[in-house]
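Colleague: The primary structure of each chain is shown beneath.
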Amino acid sequence: DQQVKQNSPSLSVQEGRISILNCDYTNSMFDYFLWYKKYPAEGPTFLISISSIKDKNEDGRFTVFLNKSAKHLSLHIVPSQPGDSAVYFCARKTQGGSEKLVFGKGMKLTVNP
Amino acid sequence: ETGVTQSPTHLIKTRGQQVTLRCSSQSGHNTVSWYQQALGQGPQFIFQYYREEENGRGNFPPRFSGLQFPNYSSELNVNALELDDSALYLCASSGGQGYYGYTFGSGTRLTVV
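Protein chains in written order, with this note's numbering: chain A, 1 to 113; chain B, 1 to 113.
Hints are computed from structural coordinates only; laboratory data are not their basis. Given the structure is predicted, the values throughout are model-derived calculations rather than measurements. Mixed in with the good hints, there may be bad ones.
[Said to hold, decoys possible] Only some residues are given here: those of chain B computed to face chain A with a beta carbon under 7 angstroms: (1) Q41; (2) G42; (3) P43; (4) F45; (5) G56; (6) L90; (7) G101; (8) F104; (9) G105; (10) S106; (11) G107.
Even for Gly, the Cβ is constructed at its ideal location relative to N, Cα and C.
Chain B extracted, bound-state conformation (with noise of 0.2 angstroms):
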């Protein structure tokens, strides 16, 4: 049964520019979750994906999107980076409704300069 894979591990972008984190979910696993953790806090919920459609959305702006693909991997894209968006952003799948187990993937620590 393979895990959770996010990439890249790190990035480092300018202000300004757009990001694509990409993650690939645990097999059988048709829900995905992202997940914006700021240094000493704990993990906020971005927006989660089931079935190819957004199903929820964190207090995020429109500059966060996602994507799911049909074998159910998924996209985070941020447009227009600002430096508080400097963060570990953390993917979780789960087996679709009423499966409270969530595996996360390592995440991709992105820094914008």
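If we strip away everything but chain A, and leave its shape as in the complex, we get (with noise of 0.2 angstroms):
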């Protein structure tokens, strides 16, 4: 069973401080762990991904980190915007077959001004 797993269902954060959103995953294989920002009324957005080769991913003001020994992934917003108030997935493509997403259930982000 590939199980992505967002534990805290919500964060809120001043605006200019550090969003530090976390994924733990249960299974060691896979390709690719993708984070998805979803607005109200809108599909979700492909926002950056890591692959199983490295540590750490980063564009802009996110970066994504990879603790393969814990199984947990990070997403890091600096500085957070209040347009970063959104809800975020975290999703692990999987390996052979179809090339499917298994999504966590999300974490609400708000950024206060």
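Dock the two chains into a complex; use the hints.
Modeller: Set out below in structure tokens:
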């Protein structure tokens, strides 16, 4: 069972501070983890990904860290902006067969001005 | 470059009825996946179509079926609707095997009463 878990349902931070969103997984076989952002009434939007051969991937204000020994990854947003307020999903792309995404339950991030 | 469009945006059906949801893929994408997002949950994989053939299926009963057309647009059909089918249905297109970025539509909100 390729579980992806986001254990915290919500996070509130002040504008300009760092937001750290966490994700745990239970299976070591994967190609990529991806982070998606979702605003109300819109579909999920791809944010950033990381492959199994990397420990870190950075794109502007967004950095994803992968700790394979702990089966844990995190998304860092620095500095956080009010427009970052959304629901964030961690997802893994499965190996073999059809390339489907397995999503966590999501975390609602609120960035206060 | 056009994105993924889904229709209708909202739909109310009665238990036992049948429903068809539609999706137009992003230009150049030949793979379409459908996801169901229940309230408070992450999207769950229903099935995927690649070049008009089903290319993988999640844990959904046979009353969930689909089609992909030569222009790569797609339909999701659900027969004998149940109350638990109430959810946001998301369509995602991608560029085929090996491409890890999925473009999602805004979804169809289905309510079964």
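Colleague: Each hint: holds or not?
Modeller: Results of checking the hints against the structure:
no. : hint : in the structure
1   : Q41  : 6 angstroms, holds
2   : G42  : 3 angstroms, holds
3   : P43  : 5 angstroms, holds
4   : F45  : 4 angstroms, holds
5   : G56  : 2 angstroms, holds
6   : L90  : 6 angstroms, holds
7   : G101 : 5 angstroms, holds
8   : F104 : 3 angstroms, holds
9   : G105 : 5 angstroms, holds
10  : S106 : 5 angstroms, holds
11  : G107 : 6 angstroms, holds
Checked against the numbered hints above, the structure breaks none of them.
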